[in-house]
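J.: Using the sequences and the hints given, assemble the complete structure.
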Amino acid sequence: MAQTITIDPITRIEGHAKITIQLDEQGIVRDARIHITQFRGFEKLCEGRRFSEMPALTARICGICPVSHLIASGKACDALLAVRIPETAEKLRRIFNLAQLVQSHALSFFHLSSPDFLLGMDADPAVRNLVGVIQTNPQMARDGIRLRQIGQQMIEWLAGKRIHPSWIVPGGVAQPLSAEKREQMLASIPEALDITQRAIAWFKNTMTQFSEEIQTFANFPSLFLGLVTETGALEHYDGVLRVVDSAGNVIADKIDPDDYEHYIGEAVEPWTYLKFPYYKPIGYPEGVYRVGPLARLNLIDRCGTPRADEAWAEFRALERGAVLSSFYYHYARLIEILYGLERIQQLLNEPDILDTRVQAVAGPNRSEGIGVAEAPRGTLIHHYRIDKDGLITWANLIIATGHNNLAMNRGILQAAKHFVKGDQIQEGMLNRVEAVIRCFDPCLSCSTHAVGQMPLHIQLLSPTGEVLDEVRR
Amino acid sequence: MNQPVRVKTLKIDGRDVSGREDETILEVARQNGIFIPTLCNLEGLTPIGACRLCLVEIKGVSRLLPACVTRVEEGMEVYTQSERLQKYRRMVLELLFSERNHICSVCVVNGHCELQSMAQILGMTHVSVPYRFPRLPVDASHERFVVDHNRCILCTRCVRVCDEIEGAHTWDVMGRGIDSRVITDLNQPWGESETCTSCGKCVNVCPTGALFEKGKPVSERLKKRQFLPYLTMMREERR
Ligand code: SF4
Ligand code: SF4
Ligand code: FES
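Chains as they are written, first to last, in the numbering used here: chain P, 1 to 473; chain S, 1001 to 1239.
Just so you know, the hints here were simulated from the structure itself, not pulled from any lab data.
Listed below are the simulated PhoX-like cross-link pairs for lysine-lysine, each with C-alpha atoms no more than 25 Å apart in a straight line:
{"hint": "1", "chain 1": "P", "residue 1": "Lys275", "chain 2": "P", "residue 2": "Lys44"}
{"hint": "2", "chain 1": "S", "residue 1": "Lys1214", "chain 2": "P", "residue 2": "Lys388"}
{"hint": "3", "chain 1": "S", "residue 1": "Lys1214", "chain 2": "P", "residue 2": "Lys44"}
{"hint": "4", "chain 1": "P", "residue 1": "Lys275", "chain 2": "P", "residue 2": "Lys18"}
{"hint": "5", "chain 1": "P", "residue 1": "Lys421", "chain 2": "P", "residue 2": "Lys18"}
{"hint": "6", "chain 1": "S", "residue 1": "Lys1011", "chain 2": "S", "residue 2": "Lys1087"}
Not the full set, but computed from the structure, chain S residues with beta-carbon under 10 Å of chain P:
{"hint": "7", "residue": "Leu1136"}
{"hint": "8", "residue": "Pro1137"}
{"hint": "9", "residue": "Val1138"}
{"hint": "10", "residue": "Ala1140"}
{"hint": "11", "residue": "Pro1189"}
{"hint": "12", "residue": "Gly1191"}
Every beta carbon over 10 Å from chain P, so not counted as near; a handful from chain S, in silico:
{"hint": "13", "residue": "Leu1042"}
{"hint": "14", "residue": "Phe1097"}
{"hint": "15", "residue": "Ile1165"}
Backbone N, C-alpha and C define an ideal beta-carbon position, used for all residues, glycine too.
T.: Next up, the structure:
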């Protein structure tokens, strides 16, 4: 019996990023929104399951950054066990997280965004892709592929060949690192460092051609939020939360991640499944903040590794206060790759890195656990409550793309104001909006269309809600 | 005085084979390297013919019969791989999958599950009946083990091993038909069971992720099943 299954691309979770632009009575852009159909009910699905399944369960939220969820979830589970995990386990988890940072940033910069820089924002999408990069700058394409491969290779060496590794466990990690794997990892770092420095030099040069984009790409004052070490250096695994304002002043510091609820509120809007986190002391929606690479580099007093510190000093000299243009997310990503590689090297050279005691064994001892870590795209928060048998009774997850939701909408509004004339969407709008979204590297499935263009659907709406103009591809 | 055991000759899939009169079609097939899929059956436990995966065709018999509980007979002609059987077996699996909540990708035994590998071996590509999505509890009250009813296929291996081998009879089945469920003692939380000796035999014989040990990462739970024939053999010898 033959059956035809039709899947409507718009209604599918993995579908188009749909954007609506709202005009007011005068025909002036009033609002712009990106509707993210990402599933919000994930927390509900976890209820009734045993807490120890959470790392594996939540890693399925996203096929692009399962590692980040494993880390945040693992930490929340450690809190439920009420243990401090063995030092070596912590270091291995750090390496795991940084390797993920390297590969994810490499994907974002080289595979997804470099076509825009290399071939121009207005180039035909048919050539504005990785294949186009291979043709115009083969070295760059090779570099990108190699760098990503090195990051992924490290993840595999640590956790085994798995799309969704189950190496992170409550209380530590499942297997120690072998001497052989350690050597292999160390050997791959010099090449990766070279690639990154080449890319930074190239980007600094190329950036100058994009002054218009720098001006208009989600370039507005906002707060920045993320983890830093106790002493204000770059941090992705542990540490304390810090908030800076657009002038670069620290307005909240040394926040225990367990207290996140006092600082981060979550608003819900009926038109999207993604929640809108905001900075509570300022309120909604004024308390807009950004997370991720740009935010992290705006927060810190230094990176903490020599090469990255040098690059960071130059980066911060771009603007007087915090660096505000979201276009610089790309630049920040490269600097973070540099840091990630240097830090992995340091950690691999620690004397106890091969230690075989890597898991603290305990049962559930506390009823509530919070795990906070920095994913490539920004701060990731896992928060669980369990009953006496260790079954999840309640869970809350705040994902990086969520934190950036308000900022992303504001960035699209900025572009819309620029590119909507009368009741029509002007040429170039699609490409710019696409590039604005790409700055934030949101973990929508659509942002992973490495070859080919991002599936987009933009609607221009009159004050009464009727569709005036529509573009899609 | 012991009666001499008689030997029967028969054909399985056209091959001439022979077996003792007290042996089942499944046993004889296995001795001859002929594969018949099974789920509820486990060497060392009394066969019960519950899952119907081992159905075979016998010439001259209109019904399909389960190989695990059907004795061999002289002159039997058994077929194990017909089109019809394959279809029925896949249907049995589809019903098992639709009955409870099987989400392999996040299941504790993903990659080491007998139900899952049966589905692969028998080429079950999809479930054509609607899923029931029942709301079922997870009981994690036991110090070392968990029972997750979402993954149970009611094969009763746990019930049999606990009763026949361990002698504790902690497990049993309550309810009827689609509402059946395995229970510990008189449907108390497992952690409060007075008969459970925490030996872990049930966990090791469970073909799915329904019974598992705490503290191991997801999809890393390997089960040891070889111990059963060994245990029974040792007991028989003692007698
Ligand atoms: S018990 Fe087996 S079939 Fe069921 S979800 Fe787990 S792995 Fe899949
Ligand atoms: S718990 Fe496991 S062994 Fe017991 S009946 Fe269910 S599937 Fe079979
Ligand atoms: S194995 Fe024969 S019925 Fe289950």
